Amino acid sequence: MARSTSTAIPPAVRKSLAEWIEHDDGNTTDFTPPACSRQAQALHARILIVDSDGRGKAPRPLAPPPGLRLPPLG
Amino acid sequence: MRRRRACASHPSADLAGRVVALSGDIPVLFDAPLASHHKLIGRWVASRETTAKRYTRDQARQHIERVFNKAVLDILGSVEFADLRVVVLQGEGDLPPGIAVICDSMGQLDLGWIEESDAPIPWRAAAYRALEQMLGRALPVFGYQDLFDEISMYYWDGATDDETARQWMIEYQGADPDDTEELTLPSTMEARRPEWMIAANAAALTRLPKRLRQKLHELRKTHGALGRLPPERDAWHFDFEVAYDYIPGIDECSRLPPLTIVPVEQFAREVDDVGRHGMEFGFMDIAGFCPLSDPARIDDWLLSLRTGARFLLAAQDLIQLDPATL
Chain A
0 MARSTSTAIP PAVRKSLAEW IEHDDGNTTD FTPPACSRQA QALHARILIV DSDGRGKAPR
60 PLAPPPGLRL PPLG
Chain B
0 MRRRRACASH PSADLAGRVV ALSGDIPVLF DAPLASHHKL IGRWVASRET TAKRYTRDQA
60 RQHIERVFNK AVLDILGSVE FADLRVVVLQ GEGDLPPGIA VICDSMGQLD LGWIEESDAP
120 IPWRAAAYRA LEQMLGRALP VFGYQDLFDE ISMYYWDGAT DDETARQWMI EYQGADPDDT
180 EELTLPSTME ARRPEWMIAA NAAALTRLPK RLRQKLHELR KTHGALGRLP PERDAWHFDF
240 EVAYDYIPGI DECSRLPPLT IVPVEQFARE VDDVGRHGME FGFMDIAGFC PLSDPARIDD
300 WLLSLRTGAR FLLAAQDLIQ LDPATL
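As they're listed, the protein sequences go chains A and B. Residue 73 in numbering that gives the first Met the number 0 sits at position 74 of the first sequence; the count goes up by one each step and never skips. Residue 187 in numbering that gives the first Met the number 0 sits at position 188 of the second sequence; the count goes up by one each step and never skips.
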């Protein structure tokens, strides 16, 4: 099996020993998340409803599907 | 015949007859920045490197561990009469990393010809006395006097003479005053010591065979060198309070060392008695503990480790001596 050159996940970062010791604060800024397909993006959009100002809304209970009634309490 | 590999990546394990392979493309999982102890040792490793090799973070971590482990094993590898292990600990909070030398052996040290041969008692007693006096400088080991003191505290309220011990056992432990023959008393314990354990039986140095004298001289010389190390640079120095800050769990361990130079053939019951807590909760098995904040001090630490290893090798040579060749 040949190695794919267009792999979605970049190879692990390589640095000299001194760089790892002196300049590694643990932030993996070098890591870019893999690109999502359009379907996945649409799914994410449905899960996280983003306001126009970019902040997520507080989670609300999902509305039950029509036709499914909750049993009466008590 | 060589089988063709089904996958270009290296197989990492064989499970249930199938080759499991991890692709080199996958970034190392469980990855975390190097902690303070890896950084400390890493600076020492980096200062010795001549090429600017590039590593993934995980490779860097493994490389640091490999180089340090090799340096330690080169020094401790030939010490066989006790299993020693070195652990680098990350200090919590403001504490710098620390390096512990741990003794993994437990029980009686093998005393070789000193215990088992037919060599003259004065020779055997001279060798035993030297080991008993000196070994504690590097190894967590207890001797006859420590055992006697423990037993005395436990059974005789610290008494060292038979009469006081007998009285205590009758009054406070319900021993039958008419049947004290079976009781272990200070004198009966002392009497069980084989002749080679008694320091007074040791021959003067000048009356020992030349090779034995040389071995004892080497032991004394290396012991002296170990004693001259400053405590803060001594891999074999152990201060309970310092180690406790790093390993609070040692508080629950027995204060007794895991090794003894007392022959269990004669003192099995007593050694079992005093070792009970240690068998359950662990012994004080740290041979040395040294906090280190400066990577430049690691070479000093390794030098002191070597000084201690030389002493232990001298002890090992003495124990492994064949009296027939003397």
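It cannot be assumed that every hint is accurate.
What the hints assert, rightly or not - Not the full set, but computed from the structure, chain A residues with beta-carbon under 10 angstroms of chain B:
1) P10
2) A11
3) V12
4) R13
5) W19
To be verified - Result set (BS3-like, lysine-lysine): computed pairs, CA atoms no more than 25 angstroms apart in a straight line:
6) B/K220 x B/K209
7) B/K69 x A/K14
8) B/K69 x B/K52
9) B/K38 x B/K69
10) B/K52 x B/K38
11) B/K38 x A/K14
12) B/K209 x A/K14
Stated by the list, open to error - Okay, the calculated beta carbon distance ranges per label pair:
13) B/D73 x A/A17: 55 to 63 angstroms
14) A/A17 x B/D250: 34 to 42 angstroms
15) A/Q40 x B/V241: 54 to 62 angstroms
16) B/P229 x A/A17: 26 to 34 angstroms
17) A/P10 x B/D250: 56 to 64 angstroms
18) A/P10 x B/R65: 20 to 28 angstroms
19) B/R275 x A/P9: 53 to 61 angstroms
20) B/R305 x A/P10: 35 to 43 angstroms
21) B/V241 x A/A17: 27 to 35 angstroms
22) B/R275 x A/H22: 51 to 59 angstroms
23) B/P95 x A/P9: 34 to 42 angstroms
24) A/H22 x B/R210: 25 to 33 angstroms
25) A/H22 x B/E79: 18 to 26 angstroms
Bear in mind the hints are in silico, worked out from the structure with no lab data behind them. Just so we're clear, the structure is a prediction, and the values are computed from it rather than from any experiment. By construction, the Cβ of each residue, glycine as well, lies at the ideal position given by its N, Cα and C atoms.
Consistency of the hints with the structure:
With 10 angstroms as the threshold, the beta carbon of A/P10 comes within range of chain B, its nearest partner Cβ sitting at about 6 angstroms, so the hint holds. The closest approach between the C-beta of A/A11 and any C-beta of chain B is roughly 4 angstroms, which is under the 10 angstroms cut-off, so the hint is satisfied. A distance limit of 10 angstroms between C-beta atoms decides the matter here; for A/V12 the minimum to chain B is near 7 angstroms, and the interface restraint holds. With its C-beta approaching chain B no nearer than about 4 angstroms, A/R13 sits inside the 10 angstroms limit, and its interface hint holds.
The criterion of a C-beta within 10 angstroms of any C-beta in chain B is met by A/W19, whose closest approach is roughly 4 angstroms, and the hint holds. Using a Cα cut-off of 25 angstroms, the hinted pair B/K220 and B/K209 holds, with the two alpha carbons roughly 16 angstroms apart. A distance of roughly 23 angstroms separates the Cα atoms of B/K69 and A/K14; the hinted pair therefore holds under the 25 angstroms criterion. At most 25 angstroms may separate the alpha-carbon atoms for a hinted pair to count; B/K69 and B/K52 meet this at roughly 19 angstroms.
A C-alpha spacing of about 17 angstroms is found between B/K38 and B/K69, which places the hinted pair at or below 25 angstroms, so the restraint holds. Among the hinted pairs, B/K52 with B/K38 is consistent with the structure: their alpha-carbon atoms are about 17 angstroms apart, no more than 25 angstroms. Annotation: proposed proximity of B/K38 to A/K14 holds, straight-line Cα distance about 14 angstroms (limit 25 angstroms). Distance hint between B/K209 and A/K14 is unfulfilled; the C-alpha atoms sit about 58 angstroms from each other, more than 25 angstroms.
Between B/D73 and A/A17 the Cβ separation comes to about 24 angstroms, which falls outside the hinted range of 55 to 63 angstroms. At about 39 angstroms, the CB distance of A/A17 to B/D250 agrees with the hint of 34 to 42 angstroms. The hinted range of 54 to 62 angstroms is satisfied by A/Q40 and B/V241, whose Cβ atoms lie roughly 56 angstroms apart. Between B/P229 and A/A17 the CB atoms are about 30 angstroms apart, so this pair conforms to the stated range of 26 to 34 angstroms.
Between A/P10 and B/D250 the C-beta distance comes to about 46 angstroms, which lies outside the given range of 56 to 64 angstroms. A C-beta distance of roughly 22 angstroms is found between A/P10 and B/R65, which places it inside the suggested range of 20 to 28 angstroms. Hint check: B/R275 to A/P9, Cβ distance near 58 angstroms, so the stated range 53 to 61 angstroms holds. Checking the proposed 35 to 43 angstroms range against B/R305 and A/P10 shows it holds: the Cβ atoms sit about 41 angstroms from each other.
Roughly 30 angstroms separates the CB atoms of B/V241 and A/A17, a value that falls within the hinted 27 to 35 angstroms. Look at B/R275 against A/H22: about 52 angstroms separates their beta carbons, and that is inside 51 to 59 angstroms. Checking the proposed 34 to 42 angstroms range against B/P95 and A/P9 shows it holds: the Cβ atoms sit about 35 angstroms from each other. Roughly 58 angstroms separates the CB atoms of A/H22 and B/R210, a value that falls outside the hinted 25 to 33 angstroms.
Distance hint check for A/H22 and B/E79: the Cβ-Cβ separation is about 43 angstroms, which falls outside the suggested range of 18 to 26 angstroms.
The structure fails to meet hints 12, 13, 17, 24, 25 from the earlier list, while all remaining hints are met.
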